[in-house]
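Number of protein chains: 4
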Amino acid sequence: MSERRYTLTISCPDRVGIIAAVSNFVATHKGWIVEASYHTDQETQRFFMRQEILADSLPFDMAGFRAQFSSLAGEFDMDWRISDSAQKKRIVILVSKQDHCLNDLLHRWRSGELLVDIPCVISNHGDLRGFVEWHGIPFHHIDFANKAAAYENISALFEQHDGDTMVLARFMQIVPPSLCQRYPGRIINIHHSFLPSFVGAKPYHQAYQRGVKLIGATCHYVTEELDAGPIIEQDTVRIDHGDSVDDMVRYGRDIEKNVLARGLRYHVEGRVLVCGNKTIVFR
Amino acid sequence: MSERRYTLTISCPDRVGIIAAVSNFVATHKGWIVEASYHTDQETQRFFMRQEILADSLPFDMAGFRAQFSSLAGEFDMDWRISDSAQKKRIVILVSKQDHCLNDLLHRWRSGELLVDIPCVISNHGDLRGFVEWHGIPFHHIDFANKAAAYENISALFEQHDGDTMVLARFMQIVPPSLCQRYPGRIINIHHSFLPSFVGAKPYHQAYQRGVKLIGATCHYVTEELDAGPIIEQDTVRIDHGDSVDDMVRYGRDIEKNVLARGLRYHVEGRVLVCGNKTIVFR
Amino acid sequence: MSERRYTLTISCPDRVGIIAAVSNFVATHKGWIVEASYHTDQETQRFFMRQEILADSLPFDMAGFRAQFSSLAGEFDMDWRISDSAQKKRIVILVSKQDHCLNDLLHRWRSGELLVDIPCVISNHGDLRGFVEWHGIPFHHIDFANKAAAYENISALFEQHDGDTMVLARFMQIVPPSLCQRYPGRIINIHHSFLPSFVGAKPYHQAYQRGVKLIGATCHYVTEELDAGPIIEQDTVRIDHGDSVDDMVRYGRDIEKNVLARGLRYHVEGRVLVCGNKTIVFR
Amino acid sequence: MSERRYTLTISCPDRVGIIAAVSNFVATHKGWIVEASYHTDQETQRFFMRQEILADSLPFDMAGFRAQFSSLAGEFDMDWRISDSAQKKRIVILVSKQDHCLNDLLHRWRSGELLVDIPCVISNHGDLRGFVEWHGIPFHHIDFANKAAAYENISALFEQHDGDTMVLARFMQIVPPSLCQRYPGRIINIHHSFLPSFVGAKPYHQAYQRGVKLIGATCHYVTEELDAGPIIEQDTVRIDHGDSVDDMVRYGRDIEKNVLARGLRYHVEGRVLVCGNKTIVFR
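Going down the list, the protein sequences come from chains A, B, C and D. For the first sequence, the residue numbers in my numbering are 263 to 545. For the second sequence, the residue numbers in my numbering are 263 to 545. For the third sequence, the residue numbers in my numbering are 263 to 545. For the fourth sequence, the residue numbers in my numbering are 263 to 545.
Treat the hints loosely; a few may be bogus.
Repeated chains share a single entry, so a pair holds when one copy, or any two copies, can fit it.
Okay, derived cross-link-like pairs now, DMTMM-like style, lysine to aspartate or glutamate, Cα gap no bigger than 20 Å in a straight line [said to hold, decoys possible]: (1) K409 / E395; (2) K464 / D405; (3) K292 / E486; (4) K351 / D426; (5) K292 / D426; (6) K540 / D489; (7) K464 / E531; (8) K359 / D508; (9) K540 / D509; (10) K464 / D509; (11) K351 / E487; (12) K292 / E487; (13) K409 / D276; (14) K464 / D379; (15) K359 / D379; (16) K359 / E305; (17) K359 / E375.
Read the hints as simulated data drawn from the structure, not as lab findings.
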């Protein structure tokens, strides 16, 4: 955890020799691989991999890595990316009034478990200003009377704060298509149902009406189609006939925050690779 | 477990004094209550209860109980039922070619865990005859060339064998509305998804396409609308991007058989009370 | 949830007619029972029950209830207790430096999910003062140079703040026998293993050494014998060979806080009845 | 699943270049890697890997592979093994009277899910002869009046049937040290508790006495110390105060058979590598 690492993620058409070529490249430069994961998607015959390499074991920095690796990458027609654990991702959190996910994320951040920067929190309500500012994090209350203007505002704040990822931590607003298109794979939502069941509003009410015996939560990338983006993480919890909608909401908060925290962690550590409308998560 | 018990299940409009009236009735006759469960449905304000009473602690048999209890039942406008643990329910199992649920149910039956009679097994294929008959259970292979005739046949066999409940143990056929109407709350299906997600055919393929991170199974009463009847029991299991549809099918078999076994057990022990399209399960 | 309720808990030698007698008493006074649970411990043949009654449906207050109920209670040789949902339990939280459980409990409290008063937080370190005081809750930093004096101090603060229950939210100190004896069933601990495995210090290190495939957490009442008191709630989470002790600690935090929150909730709502070294938890 | 595969497992001291060297070897011979997993044990700094390679993509058979690979293996001081999915492992099952695990394993075997040969089943009782023989599998009833002779007998049968692995499917007998030493990593047991809790006899009774809120099962390699060998797989299930020892036994059967089936599958597919008293399981 503590040593500085480069994380290399690659996707390319599958063929013989990819692992060998990449491992050779790393070994030739005396790189120490501490974690390595591979997957081939059967439908697309596309190969995905992720390696964590000790930064200090390599003789070059990220720019040097990029320069050296590019010809090999070209040869295999790779989509690839390298990131440095020393450069924290910048996470902008959007919330409404419910604060269980926010409280959870901020605790993980201030205890050093979630290794990100949080340049600001944005909300359509002012309620959570005090709690956020106690953490020394700027809080922006956006007026939603004009939704289009509000989203322009959010977008501007995200750019201004140099955000990498937007996290909808029970934001309870439908993000417009323009924003989704602008930041593909960079907006993460927590939906309070086990998708694809109970899309849209009031999923716990829907679950109550259907009489399901477990409820769930889903962390996913936001795309134009509501609650239909690539799923990163999900979980469920058992309920029974004695549980009211209020009870479900209460149980649900615990899975929502845990599922969001896990999904965000995978994303931040570069463990999530998108393949069509699905994700590969190299845990 | 071993002592003979009467199981009394009641539903009626909620009001003050129901528990007292019933408990009084039982206590007056020196009945020993070994299990008691209550629930009020908030939407319908209907009260549901279930009591298990040691049969030998009461001075009368079931007919006597019915005679004595009926005036109290009338007073509270009760739907009620009493059953005797000594009279085993008669379960007719319908299967196709996949036998994991059948194998599981027959083992629970022959080991004495599932206290039912299994007068026969019915199938649209002959494959499982040998295994069923090894248990000394009659096996009926029904020709499905003419579906209407096939279901007439099934219905006739069910009546002739004096069946209480029909269990579709991966029967893989859509039961016609007429049969559903004829046996409400008496046909149990195991569906290989976490309903309401992935209704209908090939749910594991649907799950694979959607990229969910858990798959599930649902045990429910069969109604006219496909896979939409009251849910008795559900469960989920974690999968990941490395799991093919075949892997899901394999994981799925384990939850399917466990969910069906639990759901059937609840049904057989009179623990399931239907309330609209939902169930109360007094575990 | 919102209506005021009396919660009646009873234990007594099992015999015919207890439910009838209690239900009669309640019904005679027009009491509206909204939740009722029963259990007989087979080893001791002791009967346990819990009823929630709408306070406004009864013609008397708690003192009146006590006066009216006492003769019936005597007749059945009952240990019994009645509590009023309008009188919140007073919970004193003890912490060390790790704050994930504290953060979780304080969020549940300030969001109105955990209906208790928290008169103060006590710690052997000063680190969490700022966070606690931001909630408007007094924070007492106790010097542990002299342990005996420290526990005298804690005991005095608990009395002075009129505490009902002491919660060791990862307090990481062994409470002396004198304190355990003084507050039986009133000190709750969260232990970071699935007891009885890995009693004592560094349970995650013990789990790592043993090579278990799941780790857990246990919420229990504190007794004189270390980590051996009646268990209220437990849970486990899957790990694998790739998880270091640090990873286990991280996963562990999530189960610890959830298990403590659930256990404390059961305790506060009067759902936990102690029977020897075991608990009955009427969820 | 269906294509023939070679599975290569390796452990050796960790250093730079192992993955590269092995991947190069495979790529040079046009080998198509379909699954690859790596792990470094932090305590021993030992490296473990497993690769599945399509057999037909390589220009040589297993003997050829061994001949070609040995110099590289020597260079890195590897413990290594290669197996062929076309050569099924031979599993000898030992049972007593309880047959839930046996029933489960035989079903997985006859449905083609568990790809092994079962040359015989051995028991200290005759009860399960009929069921085993219905499968066309020889059944040996061993007299346990003289235990030493009985184990000599078992050992002889195992050799005679050319067994690879002995599975104690609720065999309920303590295997003598001599047998454990003779077949290290080749005897698999299912213990009906979540080890290290409740070692030895009657674990469900122990669990009942301790008042735990979950029970579990553990699949492990058998070593001389009772229930202390390397753990392959575990799971738990929730119980509550209402569950008797008999109920625990019933719930337990379901986790026992699932945990054993998963553990055995991992073992058979060469996914389990032993590291001291722990296992690496490349799922």
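Treating 20 Å as the Cα threshold, decide for K292 and D426: within, between, both or neither. For K292 and D426, neither the intra-copy (31 Å) nor the inter-copy (40 Å) Cα distance is at most 20 Å.
Copy assignment of K409 with E395, given that the CA separation must stay at most 20 Å: So K409 and E395 fail the 20 Å test inside a copy (25 Å) and across (37 Å) alike.
How would you classify K359 and D508 at a CA-CA limit of 20 Å: within, between, both, or neither? Within one copy, since 17 Å is at most 20 Å while 33 Å is not.
Same-copy or cross-copy closeness of K464 to D509 [CA-CA at most 20 Å]: within (14 Å within a copy, 33 Å between copies)
Under a CA distance limit of 20 Å, which applies to K351 and E487: within one copy, between copies, both, or neither? So K351 and E487 fail the 20 Å test inside a copy (26 Å) and across (47 Å) alike.
Is it within, between, both or neither when you check K540 against D509 at 20 Å Cα-Cα? between (31 Å within a copy, 17 Å between copies)
Regarding K359 and E375, is the shortest C-alpha distance of 20 Å or less found within a copy, between copies, in both, or in neither? between (24 Å within a copy, 15 Å between copies)
As a check of your reading, is K292 near E486 (CA-CA no more than 20 Å) within one copy, between copies, both or neither? For K292 and E486, neither the intra-copy (44 Å) nor the inter-copy (43 Å) Cα distance is at most 20 Å.
Using 20 Å as the alpha-carbon threshold, which applies to K464 and D379: within, between, both, or neither? neither (32 Å within a copy, 31 Å between copies)
Under a CA distance limit of 20 Å, which applies to K464 and D405: within one copy, between copies, both, or neither? neither (23 Å within a copy, 46 Å between copies)
For the identical chains here, do K351 and D426 meet the 20 Å Cα criterion within one copy, between copies, both, or neither? Cα proximity of K351 and D426: one copy only (6 Å, versus 45 Å across).
Is it within, between, both, or neither for K540 and D489, if the alpha carbons may be no more than 20 Å apart? Intra 13 Å, inter 26 Å, cutoff 20 Å: intra-copy only.
Consistency with the previously given hints fails for numbers 1, 2, 3, 5, 7, 11, 12, 13, 14, 15, 16, ordered from lowest to highest.
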